[in-house]
Amino acid sequence: KQEVTQIPAALSVPEGENLVLNCSFTDSAIYNLQWFRQDPGKGLTSLLLIQSSQREQTSGRLNASLDKSSGRSTLYIAASQPGDSATYLCAVTFMEYGNKLVFGAGTILRVKS
Amino acid sequence: EPEVTQTPSHQVTQMGQEVILRCVPISNHLYFYWYRQILGQKVEFLVSFYNNEISEKSEIFDDQFSVERPDGSNFTLKIRSTKLEDSAMYFCASTPIAGLSSTDTQYFGPGTRLTVL
Chain A
1 KQEVTQIPAA LSVPEGENLV LNCSFTDSAI YNLQWFRQDP GKGLTSLLLI
51 QSSQREQTSG RLNASLDKSS GRSTLYIAAS QPGDSATYLC AVTFMEYGNK
101 LVFGAGTILR VKS
Chain B
1 EPEVTQTPSH QVTQMGQEVI LRCVPISNHL YFYWYRQILG QKVEFLVSFY
51 NNEISEKSEI FDDQFSVERP DGSNFTLKIR STKLEDSAMY FCASTPIAGL
101 SSTDTQYFGP GTRLTVL
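Chains as they are written, first to last, in the numbering used here: chain A, 1 to 113; chain B, 1 to 117.
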């Protein structure tokens, strides 16, 4: 069964710190990987999509990398702000499973002011 | 910016009752999904839908569940006889292009919180 794992489960950092969230997946045969943000009780906001042929994607203070061969992705957040506090979800589209996303459990991020 | 919308935002129902959750995908999108998230657990895939038929479904999506696109804009999830364990947040998502290349971002709606008493 294909799985997605995220570490750490929770992270608390002071404002201004750069941080890295980790995602690993069990099979390198993927179509793409998406990072989402989820605020408490709310929906999923897509942050970045990395195609299987790409190594990284950037949006503002966010940078996501993909190492397909090792089954890993990282989400780098620069100069963190209290407004970045949320749960960050990694989701993978495995070739074996077609179009559906397989989600990790998420990393709960708290940025302290 | 176009977005996926879902109604209602919160639905409370009695066990055994039927519920219909509604979604309006982004207008030029062709591929639609339902996912659910039980409180404290991972987001799980339920079903995908393309060209007026189910494309894939998970083990969760048993005979109690059905999906429909009754008109050109709405996409619905029906649970025929709700159980306590159906309590969850249900998310609708859509992508512009169908097919197994799956190169597109899935855009998610804000979710419907279903509470079964």
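Just so you know, these hints were derived from the structure itself, not from any lab.
The beta-carbon is built from N, C-alpha and C at its ideal position, and this holds for glycine as well.
There may be inaccurate statements among the hints.
[Unchecked claim] The calculated lysine-lysine pairs, modelled on DSS-like cross-linking and capped at a C-alpha distance of 25 angstroms, are:
(1) A:Lys112 to A:Lys42
(2) B:Lys83 to A:Lys42
(3) B:Lys42 to B:Lys78
(4) A:Lys68 to B:Lys83
(5) B:Lys78 to A:Lys68
(6) B:Lys57 to A:Lys112
(7) B:Lys42 to B:Lys83
(8) A:Lys112 to B:Lys83
(9) A:Lys1 to A:Lys42
(10) B:Lys57 to B:Lys42
(11) B:Lys57 to B:Lys83
(12) B:Lys78 to B:Lys57
(13) B:Lys42 to A:Lys42
[Claimed, not checked] Label pairs and their computed distance ranges (CB to CB):
(14) B:Asn28 to A:Ser53: 39 to 49 angstroms
(15) B:Ser81 to A:Pro14: 22 to 32 angstroms
(16) B:Pro2 to A:Glu56: 18 to 28 angstroms
(17) A:Ser53 to B:Gln17: 43 to 53 angstroms
(18) A:Pro82 to B:Thr105: 18 to 28 angstroms
Would you list, in rising numerical order, the hints stated earlier that this structure does not obey? 4, 5, 6, 8, 9, 14 and 15
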